[in-house]
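Visitor: Here are the chains, one letter per residue:
Protein chains: 2
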Amino acid sequence: GYTVARETGMGGRVNTIMQTCFFAISGVLPREEAIAAIKKSIEKTYGKRGESVVKRNFAAVDAALSHLHEVKVPAQVRATFRMRPPVPPEAPEFVQKVTAEIIAGRGDELPVSALPADGTFPSATTQWEKRNIALDIPVWDEKICIQCGKCVLVCPHAAIRAKLFDPAEVNGGAPPTFKTADARWKDFKHMKYALQVAPEDCTGCGLCVEACPVKSKSEVKHKAINLAPQAPLREAESLNWDYFLKLPDNDRKVLSVSQVKDVQLMRPLFEFSGACTGCGETPYIKLMTQLFGDRALIGNATGCSSIYGGNLPTTPYAVNSEGRGPAWNNSLFEDCAEFSLGMRLAIDKQNEYARELVARLSSLIGDELAGGLLNADQSNETGIAQQRERVAALRSKLAGVNSIEARDLHALADSLVRKSVWAFGGDGWAYDIGYGGLDHVLASGRNINVLVLDTEVYSNTGGQMSKATPRAAVAKFAAGGKPVAKKDLALIATTYGSVYVARVAMGAGDMHTVKAFLEADAYDGPSLIIAYSHCIAHGYDLVHGLDQQKAAVNSGHWPLFRYNPRLLEEGKNPFQLDSRTPSIALKDYVYNETRYTMLTKSKPEAARQLLELAQKDVQQRWKLYEYWSKMPNNGEEKK
Amino acid sequence: GYTVARETGMGGRVNTIMQTCFFAISGVLPREEAIAAIKKSIEKTYGKRGESVVKRNFAAVDAALSHLHEVKVPAQVRATFRMRPPVPPEAPEFVQKVTAEIIAGRGDELPVSALPADGTFPSATTQWEKRNIALDIPVWDEKICIQCGKCVLVCPHAAIRAKLFDPAEVNGGAPPTFKTADARWKDFKHMKYALQVAPEDCTGCGLCVEACPVKSKSEVKHKAINLAPQAPLREAESLNWDYFLKLPDNDRKVLSVSQVKDVQLMRPLFEFSGACTGCGETPYIKLMTQLFGDRALIGNATGCSSIYGGNLPTTPYAVNSEGRGPAWNNSLFEDCAEFSLGMRLAIDKQNEYARELVARLSSLIGDELAGGLLNADQSNETGIAQQRERVAALRSKLAGVNSIEARDLHALADSLVRKSVWAFGGDGWAYDIGYGGLDHVLASGRNINVLVLDTEVYSNTGGQMSKATPRAAVAKFAAGGKPVAKKDLALIATTYGSVYVARVAMGAGDMHTVKAFLEADAYDGPSLIIAYSHCIAHGYDLVHGLDQQKAAVNSGHWPLFRYNPRLLEEGKNPFQLDSRTPSIALKDYVYNETRYTMLTKSKPEAARQLLELAQKDVQQRWKLYEYWSKMPNNGEEKK
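If you read the sequences in order, they're chains A and B.
Letter by letter, the first sequence follows residues 1 to 639 of my numbering.
Letter by letter, the second sequence follows residues 640 to 1278 of my numbering.
One chain only, chain A, in its complex shape (with noise of 0.2 angstroms):
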């Protein structure tokens, strides 16, 4: 079925190919009928999306017939190998018996005693699904591979990774086939590099090969990473990768994490999820948690990013070795902003508290400790180990003391350690449904970061029209293409002056998502953060996801940009335009993709009229923010 699927320019699409030879030989019925009626539907569905679409279809149900040959079931079990258990043996008691379970589709038969009361799932459990969907996975080229991260940051499911280790402390014992260079990087140049894939974990999408910038002399196109057949190398590479998993992760203090490349060093916290192939989204998700999963709150809204973010019966958010990861739940759609901003108000006043009490109690911790606790500079990651340390010295100073306040601070005591609070959901819930709250939130003024997945097309809602398509876009209620242009909802939100915006595209500039990541963790107040995401809805394959990131920014539908309130009080403009005069035209970039181009099939007059208007959008937009962008000052006096 996957080789018709490839040899018919299908991908890995086998929907169809498995149709067609079901109704080949179940005599459901007659053959030729069956036929006949497969290729009508296929006109029907995918008729709007263009005639190449019908002819692939068309060109899988003849190869599917030509295919399609009889495997003999011998009449005895020959096999020398056993169906694998749903979960590995070294799977965790609670995976064994209930995650195991749902997986193995005997969910029905668990007692309700066997599921966690209070629902609290335990983290960390999709690394124990072993999905092996990937027809070919990621190959390293270590002799011409630079290390730039760049294919570690955009794998949507952390299946590639990389560390650095000093051969010295590592005792030996790597499979024969695990690779390693040397370290490319100025401070750690006695180290060694290891970039490793999760074979059985990768869904193949091929978004790190895209992404890699390295191109090789040869004539055969080859990059430093290329995709292979997973089958002949799973064995291997599983074995590499628990090798990988068990060198010492990087010390986050004396990472810089000024580079892509430094970012690649730092374990993610959100790993294998069920989002698609290809997903735009996850790199997102998994970035906050490489920076700031150890101390993250995540409040998410229901939606494509709740459904991975935490589906029975695993978890992708993750611990690290100190078992520290994010803490994360799943709002309503409508209200993820307000439940997010309740954490935040529930850990300022924990922490509130705790300072209070550390005051109170300090002959008893000691007056050194108890300073150190409330004059503690955590800017740094330095800064937070140091505090994390206090805390635990706390911890055990107050162990043996009964006294109300003395449990009380040890039970808050964890709040005296900053954290970072985030509110996660996509374009429906925060242009549309969530929109009254996330406003009243950014107007708080309160320490939390806002990320929204903007994929523009209510992608797990359905595909409705939103105040997030774009013009000219068809979705379900605007078959004739959106009429009116999209709302800037980074502009609106630099309005207030109290808000940090940044508008993200990881594909365009990873560096500058990076950027405003870490700008939006370090305001201490409201944070906005909208990151483009391709998405399978808007049809096209997504190994060009990051293509179109890129024609999204150099198009001008998508301008980068960063507001940051500190320049306002700095006497200078807070508003930092990021990318480039548009040098492509709008059609350039929306025509390859099939939201648009259903347009130019069913309305070609409407099209052509939509995308005028949509072009002198793009032109309006970014005239205003070019003008924005040179203003001397913004009203401050220097000083």
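Just so you know, these hints were derived from the structure itself, not from any lab.
Where is the CB? At the ideal position from N, CA and C, for every residue including glycine.
Errors might be hidden in some of the hints.
[To be verified] Cut-off 16 angstroms, straight-line C-alpha distance, at most; resulting in silico cross-link-like pairs (EDC-like, lysine to aspartate or glutamate): (1) B:Lys1255 / A:Glu570; (2) A:Lys601 / A:Glu43; (3) B:Lys678 / B:Glu690; (4) A:Lys630 / B:Glu1265; (5) A:Lys616 / B:Glu1209; (6) B:Lys802 / B:Asp826; (7) B:Lys1189 / B:Glu849; (8) B:Lys856 / B:Asp780; (9) A:Lys587 / A:Asp547; (10) A:Lys253 / A:Glu381; (11) B:Lys802 / B:Glu781; (12) A:Lys189 / A:Glu169; (13) A:Lys397 / A:Asp408; (14) B:Lys1269 / A:Glu626; (15) B:Lys831 / B:Asp890; (16) B:Lys802 / B:Asp888; (17) B:Lys1262 / A:Glu569; (18) A:Lys616 / B:Glu1208; (19) B:Lys862 / B:Glu874; (20) B:Lys1255 / A:Glu569; (21) A:Lys623 / B:Glu1208; (22) A:Lys587 / A:Glu612; (23) A:Lys215 / A:Glu142; (24) B:Lys1154 / B:Asp1217.
[Unchecked claim] Sample of chain B residues lacking proximity to chain A, with all beta carbon distances greater than 12 angstroms (derived): (25) Ser1105; (26) Leu1128; (27) Asp1180.
[Stated by the list, open to error] Covered stretches of chain A, going by a simulated chain B footprint (3 or more residues, C-beta under 8 angstroms): (28) 443 to 457; (29) 487 to 497; (30) 620 to 629.
Chain A is already provided as a structure; the job is to place chain B on it using the hints.
Guide: Just chain B, lined up with the frame of chain A:
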């Protein structure tokens, strides 16, 4: 009581005085003890509003005691006049039978059958209420009046009106004290001008006197309109008012409506509401009804404007001499924008169907009439009047025809006349509770006009902090002063590029306000007008309401602007800044109002810091506005 209030600087407030009298003579408590308790309560209640308020109240208590004297009740009734009935005998039947009973406090005795079955109450019933609450009413000095119409514009209760009339067409009969002057209009030199007060409907707020720009040369302070005690004037002025009402309304078709001077001649269709004396909201509503009331549909968010807009038993929305007036409905607090959009959608659909029917029935109707109906230019009053005539002709042609289509068209014919759909509400609705829906409606591209009556204080809901609360103001839940800046709803709306936006303040720019209303109605898309509305909850004598509006604008707290998407289409800068560089310090505006000064008493240091930040807000915003207003054009190449 009122004498004591006036003499002790309490204005019209007699609470403290009457309470003192009650306790002084009732014997509920020993007199000295009661007076001491009253004074203690005054200190507690008004202490935070400042020493002068406390002193005034103390003085009122003392003066009340010294003025206290017994009024002998005669053994026999000797009066020669009777209690007036709740409504005059010329009121319509429903008002006599239902409204009057409720006014008289006998609503409970009404049978259910007397009430309208569908909840639709007759409009224009406040005119029968004759509340007679003004101690003083305005008196016109026709000799020095320049006929500018400012007093008519600002009157919150539509209790001062102006008309031009041709003496030749009026068959005398004017009461002896009815005043007129020669019309000061270039085009209407042959006519007489009358400015008339409704003595029994005026609330005596004095805003008309404040608005009057005429300064007499005599030493005594005297304007072209001045307050004088109501009682001696009532009888004569009531006759004058009745006579004035009978003069024909000025013909809308011949008025140019480019000046406030012209607006005064348009009959208001919102009158004598139950709004507070000196209300800053109602003049905007009244203006809308003067300009578009005979073809307006209004959805009104719950709040002050819905209470005075239609609380039982009377309705201030009125009809003109042709029986036309606004259709009005009260929505929930939170859904006014959506509710009003529903009105728009219904009308658009009715209009679409009516046009279809006109085309289909053109042989029955006659091609000329059908063509006229379908191609009517309704951009001005003359065009609208002509279309109304065509609709009347259409109706009479259809009257006898019994087909379904003819009956449908007969029912829908009115939808062929251009309508003006409005959503009315306060800041609590627009900035906070209903903002999600408001945003959705503004983004819809539909032709709907939104009027936000912005008092900044969630007036009717009870003075809670909201996103409309300015930085440094005290509100419920912001006892320490609002810490963050006010949301710039007007600027936010401009980010769509397709929304007409105006920020107005009638007291600072009356012509600007009129222009904004005209442009909003003319724009075939969503419009948003945010209107500065002074309010008793601001804490000062509202006779200075217009001066405070000027101060709000002159300090830069409330910069006036208009954003017109039509200019964008013409390749011009759509953003027009309509007020001048701030000329006074913010403190010279805010510290006239108790909502700000309270904080200087309760938390002087916080007040100082917040004022400083608020002053910075003003400067930064002004700089941005000014810079934007100077942008050469907005992206569109000139053709």
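Visitor: Are the hints correct? Go through all of them and say.
Guide: Each hint tested on the structure:
1. B:Lys1255 / A:Glu570: OK: lysine 1255 (chain B) and glutamate 570 (chain A) at ~12 angstroms, within 16 angstroms.
2. A:Lys601 / A:Glu43: 14 angstroms, holds
3. B:Lys678 / B:Glu690: 13 angstroms, holds
4. A:Lys630 / B:Glu1265: Holds, at about 14 angstroms.
5. A:Lys616 / B:Glu1209: Status holds; Cα separation ~12 angstroms.
6. B:Lys802 / B:Asp826: 14 angstroms, holds
7. B:Lys1189 / B:Glu849: Cα-Cα ~12 angstroms, so holds.
8. B:Lys856 / B:Asp780: Roughly 14 angstroms between the alpha carbons, so the hint for lysine 856 (chain B) and aspartate 780 (chain B) holds.
9. A:Lys587 / A:Asp547: Status holds; Cα separation ~15 angstroms.
10. A:Lys253 / A:Glu381: It holds: about 5 angstroms lies between the C-alpha atoms, which stays within 16 angstroms.
11. B:Lys802 / B:Glu781: Between lysine 802 (chain B) and glutamate 781 (chain B) the Cα gap is close to 13 angstroms, so the pair holds against 16 angstroms.
12. A:Lys189 / A:Glu169: 15 angstroms, holds
13. A:Lys397 / A:Asp408: With a Cα-Cα distance of about 13 angstroms, the restraint between lysine 397 (chain A) and aspartate 408 (chain A) holds, given a limit of 16 angstroms.
14. B:Lys1269 / A:Glu626: 14 angstroms, holds
15. B:Lys831 / B:Asp890: 15 angstroms, holds
16. B:Lys802 / B:Asp888: At roughly 7 angstroms apart (the allowed maximum being 16 angstroms), aspartate 888 (chain B) and lysine 802 (chain B) satisfy the hint.
17. B:Lys1262 / A:Glu569: 14 angstroms, holds
18. A:Lys616 / B:Glu1208: 10 angstroms, holds
19. B:Lys862 / B:Glu874: Given that 16 angstroms is the threshold and the Cα spacing comes to 24 angstroms, the pair is violated.
20. B:Lys1255 / A:Glu569: Holds, at roughly 10 angstroms.
21. A:Lys623 / B:Glu1208: Roughly 14 angstroms between the alpha carbons, so the hint for lysine 623 (chain A) and glutamate 1208 (chain B) holds.
22. A:Lys587 / A:Glu612: Given that 16 angstroms is the threshold and the Cα spacing comes to 9 angstroms, the pair holds.
23. A:Lys215 / A:Glu142: 13 angstroms, holds
24. B:Lys1154 / B:Asp1217: Holds. Lysine 1154 (chain B) to aspartate 1217 (chain B) sits at ~11 angstroms (cutoff 16 angstroms).
25. Ser1105: Incorrect as stated: the minimum Cβ-Cβ distance to chain A is 9 angstroms, not above 12 angstroms.
26. Leu1128: The claim is violated: leucine 1128 (chain B) sits with its nearest Cβ about 9 angstroms from chain A, within 12 angstroms.
27. Asp1180: 32 angstroms, holds
28. 443 to 457: holds (count 3)
29. 487 to 497: Check passed, 7 qualifying residues.
30. 620 to 629: Check passed, 7 qualifying residues.
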